[in-house]
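Novice: The lines below spell out each chain.
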Amino acid sequence: MEKPADWTTGQEAILYQLCGSCHKPQYFRRGFCAACGSTELSEKRASGKGTVYATSVVMRAATPETRAHVPYNIVLVDTEEGFRMMAHGAMGLKIGDAVTARYATFTGRLVPFFEKVT
Amino acid sequence: MSYITGVGLTSYGKHEGLTSLDLMSKAAELAVADAGLKRGEIDGILCGYSTVSPHIMLATVFAEHFGIRPSYAHAVQVGGATGLAMTMLAHHLVDAGVVKHVLVVGGENRLTGQSRDASIVALAQVGHPDYEVPLGPTIPAYYGLVASRYMHEYGVTEEDLAEFAVLMRTHALAHPGAQFHEPITIADVMASKPVASPLKLLDCCPVSDGGAAFVISREPTNAARVKIRGCAQAHTHQHVTAAPALSELGAEIAIAKAKEISGVAISDVRYAAVYDSFTITLAMLLEDLGLAKRGEAAARVRAGHFSRDGAMPLNTHGGLLSYGHCGVGGAMAHLVETHLQMTRRAGNRQVRDASVALLHGDGGVLSSHVSMFLEHL
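Quick mapping for you: the protein sequence lines, in order, are chains A and B. Per the numbering used here, the first sequence starts with residue 372, numbered consecutively. Per the numbering used here, the second sequence starts with residue 15, numbered consecutively.
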C-alpha cells in the first residue's frame with residue numbers, strides 16, 4: 372500500500388478510510404475493511420473535531436528522546452467521523468471535552484495535538 | 015481430563031547472573047520433581063518467550079538445554095495471558111491423547127538482564143507501530159487511559175485503586191519468595207511517584223527475574239488431585255485504540271464461556287487468582303469476572319473479602335504487584351500459589367477452603383483473556 376499523506380508521514384492531516392460497502396470508518400489503514408472485508412475503501416480527511424474518551428499524562432518516559440517531553444498527555448479521542456484515535460492533548464483535558472486538533476512536534480516528529488474547543 | 019500434577023516457582027526479584035534458560039530450568043526441575051516424574055517422562059513442552067533473549071524456537075532450545083526430547087514442543091505468545099493460554103493448550107493436548115505429560119514453563123531475567131528502560135521500551139511495542147508508538151505511550155499509559163475511563167464511568171477513585179496495591183503487598187509479606195517485604199499503606203501508594211496518570215509507582219507491578227513451571231498430565235501422578243474443570247479465551251483487539259467499550263471487554267466473554275464449558279458457577283468458587291499488572295487491571299477484572307459488582311471491588315477489599323481469611327482469598331502470594339512480574343512467569347506464579355492452596359501446602363498463607371478456584375489472565379491492553387476453573391478432588 373502507498374503510504375498515507377497524514378501525520379504518520381509528517382503531514383498535517385488525519386486520514387481515515389470509509390468502507391463503500393458497510394459504510395464503517397476505520398483509522399488503522401489497510402487494504403480492506405476490517406468490519407466486512409470489502410476492498411471498496413475511500414480515503415477521507417478528518418475534520419480534527421472530536422470528544423475526549425480517555426487521558427493519561429505520562430510522567431515517567433522510557434527513552435531519552437521522550438523523557439525530554441515529560442509530562443505529556445496521551446489522549447484517546449472519538450472523532451466526529453466515528454473512529455477513535457490516539458494523540459497528544461493539552462494538559463487538563465477532561466473526558467467528554469469537545470476538542471479540535473492542531474499539530475505539535477514530539478521527538479522530532481509531527482503528532483496530532485488536541486485542544487479544548489472554547 | 016487433565017490434572018495439574020506438579021508446580022515449581024523460584025523467588026522473584028534479582029537473580030544476578032542467571033539467564034532466562036537458567037530460571038526456566040530451575041522452575042522446571044521443581045515442577046517435574048513435584049509431579050513425581052522423571053525428566054524422560056515429559057513428552058510435551060510449552061514455553062513462553064523471553065524479551066531479554068528472544069529466539070524463534072525457544073521450546074526446543076529449552077528442551078535441549080533441559081535434556082528432554084519431547085514429541086510435542088513450541089512456544090506460545092499471548093503477553094500476560096501466556097501462562098494460562100499454555101495451560102489451556104496443555105489441557106487439550108493431554109485430553110486428546112497427543113501427549114501424557116506437558117511441561118509448561120516460563121522464566122526470564124527481565125530485571126538484571128536488561129535496563130528497566132529497555133524493558134519498558136520493549137513492552138510499549140505492543141502498541142500500534144504507526145498510530146500509537148510514535149506518540150510515546152508506555153504500558154502504564156495504555157492502562158492509565160483505560161483507568162481514566164473506568165474511573166469516569168464507574169466512579170472509582172485513586173484511593174480505591176490503592177486498596178489493591180496494599181492488599182497484594184500484605185499478601186506478599188507472608189511469602190518469602192516475594193520481591194517486596196516492606197508493608198505499604200494507602201498513603202504510601204497515593205504519595206508514590208506519578209508514572210502515567212492516574213497510575214503511580216505503587217499502582218504498577220515491578221520488573222523481576224524469576225521462573226515458574228507446571229506439569230499438566232492426563233492422569234494424576236501423585237496425591238495432588240487438581241483437575242482442570244474448564245477454560246476459555248476471548249480476544250477482542252490488540253491495540254487500546256481499537257478496544258471495545260468497557261462493557262464489552264474479553265474478560266466477560268471468556269468467563270461466560272468457561273462457566274458454560276465447566277458447569278462451574280461463580281458462587282462455587284472459593285479461591286481467586288486474577289491478573290494484576292496494575293491496580294486498575296485487578297479492579298476491572300474482578301468486576302468483569304463477577305467477583306464484585308461494578309465499581310464495588312475496592313469496597314470488598316476494604317471489607318476483607320479478598321484477604322487470606324476472607325470469603326474469596328485472592329492472589330495470596332502477592333500477585334504481580336508484590337510477588338513480582340518476570341514476564342511469562344509472572345502470572346504463572348498465580349497458578350503455582352493456587353495449586354499450593356488447593357493441596358494445602360501454602361503454610362502460613364493457607365486459606366480455609368480452596369476446593370474450587372478461578373484463574374484469569376490478561377495479555378496486551380485487556381486484549382487477550384483466558385479464564386480457567388480448577389477443582390481439587
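One should not assume that every hint holds.
Claimed, not checked - In silico EDC-like cross-links for lysine to aspartate or glutamate, where the CA-CA straight-line distance does not exceed 16 Å: (1) B:114 / B:55; (2) B:114 / B:233; (3) A:487 / A:436; (4) B:307 / B:274; (5) A:374 / B:55; (6) A:465 / B:167.
Claimed, not checked - Label-pair restraints from in silico Cβ distances: (7) A:409 / B:358: 28 to 36 Å; (8) B:71 / A:478: 29 to 37 Å; (9) A:382 / B:110: 20 to 28 Å.
Unchecked claim - Some chain B residues near chain A, calculated using beta-carbon distances under 7 Å: (10) 152; (11) 159; (12) 208.
It should be emphasised that the hints constitute simulated quantities derived from the structure, not laboratory data. Only a predicted model underlies this, so the values are computations on that prediction, with no experimental measurement involved. Just so it is clear, CB atoms sit at the ideal spot from N, CA and C, and this is done for glycine as well.
Novice: Hint by hint, note whether the structure agrees.
Specialist: The hints, checked one at a time:
1. Under the criterion of a C-alpha separation no larger than 16 Å, the hint pairing residue 114 of chain B with residue 55 of chain B is consistent with the structure, at around 8 Å.
2. The hinted pair formed by residue 114 of chain B and residue 233 of chain B meets the criterion: a straight-line CA distance of about 8 Å does not exceed 16 Å.
3. The straight-line distance between the Cα atoms of residue 487 of chain A and residue 436 of chain A is roughly 27 Å, outside the 16 Å bound, and the hint therefore fails.
4. Restraint check for residue 307 of chain B and residue 274 of chain B: the C-alpha separation of about 20 Å exceeds 16 Å, so the hint is violated.
5. Under the criterion of a C-alpha separation no larger than 16 Å, the hint pairing residue 374 of chain A with residue 55 of chain B is inconsistent with the structure, at around 53 Å.
6. Between residue 465 of chain A and residue 167 of chain B the CA atoms are separated by roughly 13 Å; this keeps the pair inside 16 Å, and the hint holds.
7. A beta carbon spacing of about 58 Å between residue 409 of chain A and residue 358 of chain B contradicts the range 28 to 36 Å that was offered as a hint.
8. Look at residue 71 of chain B against residue 478 of chain A: about 35 Å separates their beta carbons, and that is inside 29 to 37 Å.
9. At roughly 53 Å, the beta-carbon separation of residue 382 of chain A and residue 110 of chain B lies outside the given 20 to 28 Å, and the hint is violated.
10. With a cut of 7 Å, the hint placing residue 152 of chain B at the interface with chain A holds, because the nearest CB-to-CB distance is about 6 Å.
11. About 4 Å separates the beta-carbon of residue 159 of chain B from the nearest beta-carbon of chain A, less than 7 Å, and the hint is met.
12. Given hint, residue 208 of chain B at the interface with chain A, holds; its Cβ is 4 Å from that chain's nearest Cβ, closer than 7 Å.
Hints 3, 4, 5, 7, 9 from the earlier list are contradicted by this structure; the remaining hints agree with it.
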